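Participant: Each chain, letter by letter, is given below.
Protein chains: 2
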Amino acid sequence: MPILYNVNFINPFLDAVLNVLSTMASVEATPGKPFINKTRTSIGDVTGLIGVTGYASGSIALSLNQGAILTIVNNMLSESYTEINDDIADAVGELTNMIAGQARGDLSKLGMNFKASTPSVVVGKGHKVKHVSSAPVLAIPFSTPDGDLTVEVCFSHGVPEPDTE
Amino acid sequence: MPILYNVNFINPFLDAVLNVLSTMASVEATPGKPFINKTRTSIGDVTGLIGVTGYASGSIALSLNQGAILTIVNNMLSESYTEINDDIADAVGELTNMIAGQARGDLSKLGMNFKASTPSVVVGKGHKVKHVSSAPVLAIPFSTPDGDLTVEVCFSHGVPEPDTE
Chain X
12 MPILYNVNFI
22 NPFLDAVLNV
32 LSTMASVEAT
42 PGKPFINKTR
52 TSIGDVTGLI
62 GVTGYASGSI
72 ALSLNQGAIL
82 TIVNNMLSES
92 YTEINDDIAD
102 AVGELTNMIA
112 GQARGDLSKL
122 GMNFKASTPS
132 VVVGKGHKVK
142 HVSSAPVLAI
152 PFSTPDGDLT
162 VEVCFSHGVP
172 EPDTE
Chain U
12 MPILYNVNFI
22 NPFLDAVLNV
32 LSTMASVEAT
42 PGKPFINKTR
52 TSIGDVTGLI
62 GVTGYASGSI
72 ALSLNQGAIL
82 TIVNNMLSES
92 YTEINDDIAD
102 AVGELTNMIA
112 GQARGDLSKL
122 GMNFKASTPS
132 VVVGKGHKVK
142 HVSSAPVLAI
152 PFSTPDGDLT
162 VEVCFSHGVP
172 EPDTE
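These protein sequences, in sequence, are chains X and U. Going by this note's numbering, the letters in the first sequence line up with residues 12 to 176, in that order. Going by this note's numbering, the letters in the second sequence line up with residues 12 to 176, in that order.
For the record, the hints were derived by calculation from the structure and aren't laboratory data. Do not take every clue at face value.
Remember, identical chains collapse to one label, so a pair may be satisfied in a single copy or spanning two.
As the list claims (entries may be wrong) - Quick list of in silico lysine-lysine cross-link-like pairs, BS3-like style, CA-CA up to 30 Å:
1) 49 - 126
2) 44 - 120
3) 120 - 136
4) 126 - 44
5) 49 - 136
Note that the structure is predicted; figures quoted are calculated from it, not measured.
Kindly generate the complete structure, drawing on both the sequences and the hints.
Facilitator: As structure tokens, this is what we get:
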């Protein structure tokens, strides 16, 4: 059965980002309009990545720019970091885990059961992460007062006709 | 049951790298001595990443420097690329898939069955990829005539006492 990137699929990720950032970091994120990322490439200063298997095989990426992640992690850890360091990389891994975990919980209620790998975190200003798959890449952008972040999801059983309007 | 990073676990990855590079790209890689990467961080100019679930949860990373991947992909595709581009990112995804696939096949013969996510590929000179997990990171380095590459494996049921001698 193909995965439609419709509202039922998008909302678990959208809700998870808002909930995790609010709960863990007291950061209120504002969602933008989801879109299909034809470049297939996440761009950020730090990116958490989780692979999934099960109902479909794919990847979930949480990419943030430096302003966004500094505020989030400083709030989480009561720190005042001014650049991306090892603690921040670990925190991005944990945030990605929590967001993917909450979204997987909601998706399982819809009959889509996924298992998740442990997270990897990419650090490097302006790095790019490309999702290698035949499935479209769904991007859900968010803004925060201090910077932007994007969740990107690419599941191999997706279909080329997205419903993200 | 914990995963010991012993020769039975290392050889499937070592053999897969040698075999895939030789078969796909006519590149003869020379393995170095496996070690536990205490920085938990893969460094490269391009990195293919695959998440795994099943017998254990974890990540497999194939990091290459520019010299190594240019020769490998130019041989694979009969091209003469001089910098890392989109085709090279896709090829790194496929190589990571093939290496992980062959290694998983060998590991399954030992009773360790893994499922793999689709690959993601990180591009950006000198980027770092951190494995976020409590398990040790096993690094298997290789050299080729035109540059170096490393396979790093971090499986969450690993144990802190590696046997890589």
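Participant: The structure should be examined with respect to each hint, and the outcome stated for every one.
Facilitator: Here's how the hints hold up against the structure:
1. In this assembly of identical chains, the alpha carbons of residue 49 and residue 126 lie at most 30 Å apart whether taken from the same copy (26 Å) or from different copies (27 Å).
2. For the identical chains of this complex, residue 44 and residue 120 are intra-copy neighbours only, at 24 Å inside a copy versus 47 Å across copies, given an alpha-carbon limit of 30 Å.
3. Proximity of residue 120 to residue 136 under the C-alpha cut-off of 30 Å is found in neither arrangement, the shortest distances being 38 Å within a copy and 41 Å between copies.
4. Taking the closest pair of Cα atoms, residue 126 and residue 44 come within 30 Å of each other only inside a single copy of the chain (27 Å); across copies the shortest separation is 33 Å, beyond that limit.
5. In this homomeric assembly, residue 49 and residue 136 come within 30 Å of each other (Cα to Cα) both inside a single copy, at 22 Å, and across copies, at 23 Å.
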